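Participant: Sequence:
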Amino acid sequence: FLSFFMFTEQIRQGIALCIILYAMQYIAKEKKILFVVYVIIASFFHISAILTLLYLFMLKSNKASMIKFMILSFTLTSVLLYSLYNPSLFSWIPFVGDKISAYAYLFSDKNIGFWTYVFQSKLIYLYFLLFVLLYLKRNANAGIFSG
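For the sequence shown, counting from 1, position 16 maps to 20 in the numbering used here; every step adds exactly one.
FYI, nobody ran anything at the bench for these hints, they're computed from the structure. Quantities reported herein were computed from a predicted structural model and do not represent experimental measurements. We treat Cβ as the ideally placed atom computed from N, Cα and C, and that holds for glycine. You may find that some hints are simply not true.
Listed below are the simulated DSSO-like cross-link pairs for lysine-lysine, each with C-alpha atoms no more than 27 Å apart in a straight line [unchecked claim]:
1. 67 / 36
2. 36 / 126
3. 141 / 126
4. 67 / 35
5. 72 / 141
6. 33 / 126
7. 72 / 36
8. 72 / 33
Now the in silico label distances, taken between C-beta atoms and shown as ranges [claimed, not checked]:
9. 101 / 81: 17 to 25 Å
10. 66 / 96: 31 to 39 Å
11. 41 / 131: 22 to 30 Å
12. 33 / 75: 20 to 28 Å
13. 124 / 80: 17 to 25 Å
14. 67 / 89: 27 to 35 Å
15. 37 / 129: 17 to 25 Å
16. 18 / 102: 19 to 27 Å
17. 67 / 103: 29 to 37 Å
Whole structure, please, built from the sequences with the hints as guidance.
Facilitator: Structural data, given as structure tokens:
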């Protein structure tokens, strides 16, 4: 049963990703409303598609919008990681609270604290490195799809 569930999860995430990639053309054309509509449609397949609304902060190629994007992304990532150790934070949201509680239960077997988990997670360092590289690349190219 679990393998079937995991397979369908990947298919749903793939469909949402395809919709988001298709919607990226509307960012380049500065049609924000149409992009948001496609993000909402993609979120019906996988809720993580809502995170792509942060791309709207990358429309302008100035330093302030990129810093806003980085701060919002870091804050969102921190809140989501914190919620894995405190699932009651989102328990009032019907579907999301249940998902986070299930993920928290899976991670509770490790018996480590929040900050230990954050600093031992290689994904966090990769995420931070990616932000730095994108920021440096964006300054070099200043185009909308440069990072």
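Participant: To test your reading of the hints: which numbers does this structure violate?
Facilitator: 2, 6, 15
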